[in-house]
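Enquirer: Chain residues, written in single-letter form:
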Amino acid sequence: MIREPVTGAWLDIGPVGQISPGHARTLPVAGGPDESREIAVFHTLEGRFYALVNTCPHKAGPLSQGLVHGHVVTCPLHNWNISLKTGEAQGEDRGCVPVIPLKVDAGRIYLLRAAVLGENRRAA
Amino acid sequence: MNAPLSFNERRSLAPMRERLVVIGNGMAGCRAVEEILARDPARYAITIFGAEPRVNYNRIMLSPVLAGEKAFDDIVINGEDWYANNAITLIAGDPVAAIDRASQSVIARSGRIEPYDRLLIATGSDPFIIPVPGAELAGVVTFRDLDDVEKMLKAAEGGGHAVVIGGGLLGLEAAHGLSLRGMAVTVIHLMPTLMERQLDEAAGWLLKSELEARGQTILTGADTAEIVGDAGHVCGVRLKDGREIAADIVVMAVGIRPATALARGAGLQVERGILVDDHMVTSDPAIMAVGECVQHRGACYGLVAPLWEMCRALADAATGEPSGYEGSVTSTKLKVSGIDLFSAGDFSGGEGAEDIVLRDAARGVYKRVIVRDDRLVGAVLYGDTGDGAWYFDLLKKGEDIAPIREALIFGQAFASGGAQLDPSAAVAALSDDAEICGCNGVSKGKVIACIAGGAHSLDAVRGGCKASASCGSCTGLVETLLQLTLGEEVQSGPKSLCKCTSFTHADVRRLIVEKGLKVIPQVMQALGWSTPDGCASCRPALNYYLLCAWPGDYVDDQQSRFVNERLHANIQKDGTYSVVPRMWGGLTTPDELRAIADAADKYGARTVKVTGGQRIDLFGIHKEDLPAIWADLNAAGMVSGHAYGKALRTVKTCVGSEWCRFGTQDSTGLGVRIERMTWGSWMPHKFKIAVSGCPRNCAEATIKDFGVVCVDSGYELHVGGNGGIKVRVTDLLCKVATEEEALDVCAAFIQLYREQAWYLERTAPWIERVGLDHVKSALFDDPDAIASLAARFRFSQGFMQDDPWAQRAAGADAELHQHLAEVRPFPTQAILEAAE
Ligand code: SRM
Ligand SMILES: Cc1cc2nc3c(=O)[nH]c(=O)nc-3n(C[C@H](O)[C@H](O)[C@H](O)COP(=O)(O)OP(=O)(O)OC[C@H]3O[C@@H](n4cnc5c(N)ncnc54)[C@H](O)[C@@H]3O)c2cc1C
Ligand code: SF4
Ligand code: FES
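Chains as they are written, first to last, in our numbering: chain R, 305 to 428; chain L, 905 to 1740.
One or more hints might be untrue.
[To be verified] Heads up, incomplete: computed chain R residues facing chain L, CB under 10 Å, no partners named:
id, residue
1, E342
2, I343
3, N358
4, T359
5, V372
6, H375
7, D409
8, A410
[Unchecked claim] Not the full set, but computed from the structure, chain L residues with beta-carbon under 10 Å of chain R:
id, residue
9, F1251
10, R1443
11, Q1476
12, Q1722
I should point out that these hints are in silico values taken from the structure, not numbers from a laboratory. Each residue gets a CB set at the ideal place from its N, CA and C atoms; glycine is no exception.
Using the sequences and the hints given, assemble the complete structure.
Expert: Have a look at this one:
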């Protein structure tokens, strides 16, 4: 088990190969302003990566478990379609989940630290 | 090469000139010099340092050199005479080692010191080497300069095996060249799609198929673990999944990094690249930078077109007429002969973005343009790139495409035709003998005649003249003809599978078999899907249809499965899962019950419930704990109950003749036999079976998909019942005398349902749709039908009856269950704890 402090604006959460295309994996964040929450990191079939807070705006379904198509994830509980780019519900449904800024550099995935920890909202 | 003049000599030759020193004799550096000379040839005394021991050449043409289509001499841009005629001092083969900004001079590796008034950094990029064991072995090369090409050509002399790591533009061009040079080439690509930065899944699949047809081995989704060596030289590559591929040479083409070491060392502002302003000036006003090594307005580029624009702005500024560079939109083509591929802009969609897709399976064409707010924002073209330049132009200019939107995908000839803006006008303008359906050779005239003869729907046209009845890519054209001919009278046919296609479930099922379609992207291409990778409706359906059509051959596509089937458990409203072990025919034992009780305690099941299907459900299990609880249940002899699947659920039984005073046959025993035969099979929808020991029917067999009611003289077999949303009592299918016959009919009926029903259609609505007579005649008209259907079912079961829980418990697909990592925030930092 690696345990090393991570500093800087971006959190390196490891190589892209950890998430197969069309899937998502989860990143629990303990002890932040929300007590505990989970981030879902998605890998689309087009090879893009996105991250959202893992909570459906409808009834808090785990979006990480949804079906990914295009840049949309279909929530596993009641089939809302959530945009991976904006976190917004598509079509007739209304609601939005926070997007965690993500970048891929040299085969590794980075998440914006402040957004992962929910610090922007602590400040607000 | 002319002997370099000393600094003093040049000073005396051109005393008024400012000294311009260029680091990098590559594409951008020399182009910048050309642009400056074109504006003001007398302004600078120019010295160019080049790390490579040769003159300026066209790097992008290294691919044709490798492929044997060009020689080095053909790709020289500026030969020795150019340097001489322009009094440029070329110091080739002596790279600059440091920049001393205080004394305004550069120091070369040889120790040579060159002072400057203005310095231009054009160091390009360094190939990225993935840090795996063995990356330093002899025989591991990159693809960046002529030396690399020479190493590859040397290796290719002996034939043998080449492995190219990286299926991007560079890697594929390397693979193509090496393959033409006679090597057996394997491309290893981490992502699922080749050139995923430029191509979507559909185009990537077409490209992969074409390269495979040319004899290359393409491994996508393949992660390199190690490069294996023998006596210091590479001999193979091992993947993380354990596969090992022989290699006499390994080409690393996984990406590039701007070469910023010099600039960083000199204290210039550097992020990913050297930061420059719109005039290509770095944080030091005396130092400019251009090419792949720079970062401009947040962007770094890896193609030449933006470099040309940068060089123009740089020369304008360096000669006192600043214009400014504003960034570039790029487009890509692959230089592999015979493969036409074009990509530009952003194809990842996004808010308000809409895809327009055109597929022509017969010609192997896939075109997709992405439109947002009436502007073209991206394009991916495969097989027919004739309109690439036109799309790229629309994209760069940000032109309003609303007026030509309908015809946009058909290309410039259609869309810019003035009067032909309306695609139906374009179709109307086609001559009568224009071919509409390529597969069946049907002309426009024939289609119109068929419509005039009474075919007022797409299906009627398909039946009448066969147009659009095969690959379906002309469906849009036929529909337009129907509209043109009939106006409002067009009858809409049966509903299509989903919004991604105009084909119905029945069409898709038939065509998968007829055309031998084997994987999802292939179905989408052959049948002209209108979206790049389908949707949450069609992906699971296609996955099932392929699984059913090609048992043992088709590899299940996890991405196309709903969460329950992906995790082999039922998701609950709080995101936890329920676990239902199979209890064959509703039987259990004290040992099983003890194991269930232990598992419930150990994994904190908050509710334990007896289900309506005669087994026990454990609620509140976390996805991380699923493999462990399954391992415990497996250890007690239990397997997955598939309570989550479009699959055989349970076989409900009553006590039957063994105990019951009314029992006529061993209903429990038969139920267990039936469940042993049918468990694990994927179906269009869930499938429930029950066996009752007498007509009192305590197992409720007459509201099941398949129900057996035992009677004195044998077994009544019932089908098509449903106790769910819309209750339907079964139809009596037949009566048989023995358990063996009952099992055969059951297997045959299930297989018929598997092969013919539509995805998400249970047996009740299926039978209502096709009629009981159809089912009976399919089973009983031909005396061999039962046997052959049952044989197909049993064959397919040979691949299905492998407990998915046991596979997961043994470590399969562990990533589906594990968190990526855990983050523990602290006031000033975060702790990241890896999951493994
Ligand atoms: C657990 C159970 C209820 C119980 O506690 O008894 C159950 C639970 C669910 N049923 Fe059921 N059904 C259960 C027996 C039934 C029965 C009774 C039976 O099988 O004898 C029926 C009526 C019989 C039938 O299917 O004809 C039944 C008709 C449905 C339906 C309606 C199906 C239909 O064709 O109309 C649905 C909805 C669907 O499948 O789309 C459904 C869907 C569901 C789902 C999967 C809802 C969902 O999508 O989450 C529930 C999953 C809960 C879970 O996580 O376990 N469940 N469900 C029963 C599991 C049986 C088992 O051992 O596998
Ligand atoms: C095989 C191949 C195929 C390509 N195909 C295409 C294509 O089809 N289309 C396209 O648009 N682009 C293509 N590219 C990319 C294109 O070649 C680059 O974008 C372009 O060459 C970048 O120009 P540059 O001047 O920034 O870097 P370069 O051309 O790499 O020039 C940088 C030069 O600086 C030298 N240098 C580095 N450090 C020092 C130092 N310290 N001292 C002295 N000299 C130094 C290097 O040796 C090099 O010669 C291809 C590239 C390759 C390798
Ligand atoms: S009837 Fe079935 S689907 Fe409805 S709440 Fe009960 S278990 Fe869930
Ligand atoms: S919780 Fe996501 S759709 Fe209901």
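Enquirer: Give a verdict on every hint.
Expert: Against the structure, the hints come out as follows:
1. Restraint check, E342 (chain R) versus chain L: the minimum CB separation of about 8 Å is within 10 Å; hint holds.
2. For the restraint placing I343 (chain R) at the interface with chain L, the shortest Cβ-Cβ distance is roughly 8 Å, inside the 10 Å limit, so the hint holds.
3. The interface hint given for N358 (chain R) holds, since its Cβ lies 8 Å from the closest Cβ of chain L, which is under the 10 Å cut-off.
4. Residue-level restraint check for T359 (chain R) holds (minimum Cβ-Cβ distance to chain L is 9 Å; threshold 10 Å).
5. Because the beta carbon of V372 (chain R) sits about 7 Å from the nearest beta carbon in chain L, less than 10 Å, this interface hint is met.
6. Taken as an interface hint, H375 (chain R) checks out: its beta carbon lies about 5 Å from the nearest beta carbon of chain L, inside 10 Å.
7. Restraint check, D409 (chain R) versus chain L: the minimum CB separation of about 8 Å is within 10 Å; hint holds.
8. The interface hint given for A410 (chain R) holds, since its Cβ lies 6 Å from the closest Cβ of chain L, which is under the 10 Å cut-off.
9. A distance limit of 10 Å between C-beta atoms decides the matter here; for F1251 (chain L) the minimum to chain R is near 7 Å, and the interface restraint holds.
10. Interface restraint check: R1443 (chain L) against chain R, minimum CB-CB distance 6 Å, threshold 10 Å, status holds.
11. A hinted interface residue such as Q1476 (chain L) counts as satisfied when its beta carbon comes closer than 10 Å to some beta carbon of chain R; here the least separation is about 9 Å, so the hint holds.
12. Restraint check, Q1722 (chain L) versus chain R: the minimum CB separation of about 8 Å is within 10 Å; hint holds.
Hint check: no violations occur; every hint is consistent with the structure.
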